[in-house]
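Taken in order, these protein sequences are the chains called X and Y. Residues in the first sequence are numbered consecutively from 1, following our numbering. Residues in the second sequence are numbered consecutively from 1, following our numbering.
Treat the hints as calculated values from the structure; they're not laboratory data. Careful, some of the hints might be misleading.
With beta-carbon atoms standing in for the labels, derived distance ranges [unchecked claim]:
1. V740/Y - S105/X: 26 to 32 Å
2. T770/Y - L20/X: 32 to 38 Å
3. N104/X - R772/Y: 39 to 45 Å
4. T770/Y - S105/X: 42 to 48 Å
5. T770/Y - H18/X: 55 to 61 Å
6. V751/Y - N39/X: 29 to 35 Å
Covered stretches of chain X (chain Y as the covering partner; in silico rule of three or more C-beta atoms under 8 Å from a C-beta of chain Y) [said to hold, decoys possible]:
7. 33-39
8. 110-116
Beta carbons: idealized from backbone N, C-alpha and C, even for Gly.
Chain by chain, the residues run as shown.
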Amino acid sequence: MMPLPLASLLTEPVGVAHYLVVGAVLFVCGALCMATKRNAIGVLLGIELVLNGANLNFIAFGSEYLRSESETIGLDGQLMSIFVITLAAAEAAVALAIALNFYNSFNTIDVDQADQLQG
Amino acid sequence: MQNVPTLLLIAWLLPLASFAVICIGYSIPQMLGMRVRYETQKYAAYIAIFAIVTGCLLSMTALFRHWLPAHPLTAAGHHSTEEHADEHTSASQSPFRLALMQVEGAESGASHAAEHNNDPPPYLSDDWYTLGQFGKLKLTIGYYIDTLTVLMFSMVTLIASCIHIYAVGYMHDELHDFTDHEVTLDDGQHLHRRGRFHRFFQYMSLFSFSMLGICISGNLAMTFVFWELVGICSYFLIGFYIERHSASTAANKAFIVNRVGDFGMLIGLMALWSTLGTFNFGDITYDDGTTQAGIFSQLHTEANDFALAPPEGMSQWTLFVVGVGIFCGCVGKSAQFPLHVWLPDAMEGPTPVSALVHSATMVAAGVFLVGRVYPIFSAEALLVIAVIGCITLFIAATIAITQNDIKRVLAYSTVSQLGFMMLALGLGGWVAGLFHLITHAFFKSLMFLCSGSVIHAAHTNDMTHMGGLRKKMPITAYTMLIGCLAIAGVGVPFLAGFSGFHSKDAIVEQALSHWHHNWTDGFSWALFIVPVFSAALTAFYMFRLWYMTFAGEPRDHHRYDHAHESPRVMTGPLVLLAVFAVCAGWGFPSWVRPGVLANFSVPNLLEQARPVGTLASKTGVFLSDLFIPNEHIAHAKEMFTPIKAPAGLAAIAAAILGIWLATEVYLWRRVSAGMARRLRPLYQLSWHKWWFDELYDFLFVRPTFAVSDFVARTLDRGIIDSFLHALAWLYRALSAVVSVVGDRWIIDNGVDTFAEKTWDLGLSLRSLQTGRLRQYVMFIVVCTIVLFVVASLWWSYAAAG
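All chains, please: the whole structure from these sequences, using the hints.
Shown next as structure tokens:
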């Protein structure tokens, strides 16, 4: 049987690669969501997914297998994630405010209607 | 005695303080555009008067309370050899000197008494402040105080006080808005301006300060500084009515003519410094115990019995150059021929200024300096001084006869009297010259103030519009008469008279003494005859002035009716000065108590101040026949018949002749038309002031204009300007080329092309900016994928290491 590219993942114990796969899936889902949704809230959801995919990657690369023993305290990935989560919260607040104002002005939150900044 | 420098320092600096206060309080605010109220301006006069009167009191205190008790006066004239010998033995105990004197005494025992030379006079000298030291050249502010300094301080501050007080009355026109009737503007109106009372007193203070600075100065460099300060003050004050064309040109003339003299003075100073290495008059002992020998003690060494002898490294010619050079400065300042032309024009200033310039300050400075540096003059330099003085006194006296402007007559009379002083100094009469300076200061300031009073009343300077004013203004008229009698030298021969009688007598005696000793040479008779003749002229023109102004019938009834006696603030100083004009020549006898007044008289004070080594007769070095006689010879008993009697009689005869002639012509009017016609050429010569202004105009002014015209037209416009214009044209052409080729074509084209391409690029990229959010996300995703694909295609693990 021709070995499936990802078949070994299913047989191995959970490791870095699994995290990366899940992160990649989340990222692609998020990107697709951003690209396809016309509702601004949907776009924001997509952004959250992309950011969380990135978070998973940070944590995965923060694994103890991928770092040298002595030079870190072992929390680099987690710390970066915390930063990203904070960033995401702030960004969401700003984006929701934009969405609300946009709605107030145009009575819609369809992002395709928001094309006034075209060149 | 030790207080004298401090007292004089304060007296000297007070006018400067007054100048500074008026400057800061009045002139600077006015310059900044504030209007100083006239009630406030009045206080400027009080400040200035306070300064100068306090200065006067301090000077008097210094003279009577400190100087005279320390240096009691001795009877004049007959310092016998014995007295001198006593002084010598007490002054210097050196056996060498005693021996020298004995030898001298044996040699000259039979000859005249005072043939041996005098010691340095008592003096105090030190530095107050060092301005700077450049190599060996040390410039200091210091003092040299001898009897002459103290006397000059007293005289200058006294006269300046009188003039300051008088000026409060005279200048009151400046205390309200002033219409100058002598200035017509372009629109035919007279100039209307703010009064500037304070400015007058500001400059008067500075003027007094500068003159006192000359009197007290301890070295020639400092003298020169204050010399120039006096010059600039006279410039300010002569040009006080600066809007009048005549005033501004007169101020310029005074300044420029003085520069000519100062040029010679600078040469003299340089020659002096380069040979003697110091500017100090007296010896100064410094704190470290070293003594710097001054000019006087270097030229008159004790070893040489205080006779004039140039030290090692200085030739007789250098000494002559130094003397004549410094005298050049005095020629300019004291308005001697040929630089006398500025003084009559200086009449454009307000009359109190004329009084100050003509008596105590400016012109006195020149005579004072000759007196101060007297020990450096060799016999030949003295002869130069005497001849210049003689020419001046004659020319000025002849001009004064015909002038109709009352102040101009007085101005030429000043020039003439200054000539008398220079003549006396040049003939060896140190005391006579400076005595005349002092007495002349009193009666000339008196006469100027009187003329100011007349001008104030009659509103004109022209004597042909006056006449009979005696009835309207008696105080002015009779004080003026006292001044005229004083300058004419009226008195009882060999007894007493007005102040001018004594001093003029001394001068004439010295002149006759000189003729007596130079009987054989061809011209020394002129140095006696001309002054005596000019003394007659002096009496003539002064009484002509008095008769035309005060006597006879009024010529202009309108002016006569409006004339009035001046207020007390003006007549008070007149009376005080008249008192001095009468008795400045008198003295107290030796038995007077209290002691300081014993022997007190101006000549005795001057005798005490006599500079070192100037008593003995001098003989010429280059002109071996020249003999400048000892001043005491004329007073000796055995010289009464050959010198004193004829001189005294000649002087008084001249005065009486002059007064009689003036009375004949101007009071009794006994001059026939034929006589007047015959005197016409002489009248023309005098009326046109010997054509000096025209001559200088032809000799100097026109050539200067011609040269400057040539330089301006030919050199400047013709050559330099056309060269510059050609260069400019060339540059313009070159820059036009550069502008077209380099700037427009190369640089502008390059920049324009770049801008155009950027613009096009922007336009083409514009279509990408759709404004659709989802599209952007797709771009990002697609681009990321493309990036990854490309990266994975080209990525090499080996290369990345």
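Outcome of the hint check:
1. V740/Y - S105/X: 26 to 32 Å: violated (56 Å)
2. T770/Y - L20/X: 32 to 38 Å: holds (34 Å)
3. N104/X - R772/Y: 39 to 45 Å: Distance hint for N104/X, R772/Y is violated at roughly 21 Å.
4. T770/Y - S105/X: 42 to 48 Å: Violated: the Cβ-Cβ distance is about 20 Å, outside 42 to 48 Å.
5. T770/Y - H18/X: 55 to 61 Å: Since T770/Y and H18/X have Cβ atoms about 39 Å apart, the given range 55 to 61 Å is violated.
6. V751/Y - N39/X: 29 to 35 Å: violated (49 Å)
7. 33-39: Per the Cβ count (5), the hint holds.
8. 110-116: holds (count 5)
The structure shown violates the earlier hints numbered 1, 3, 4, 5, 6.
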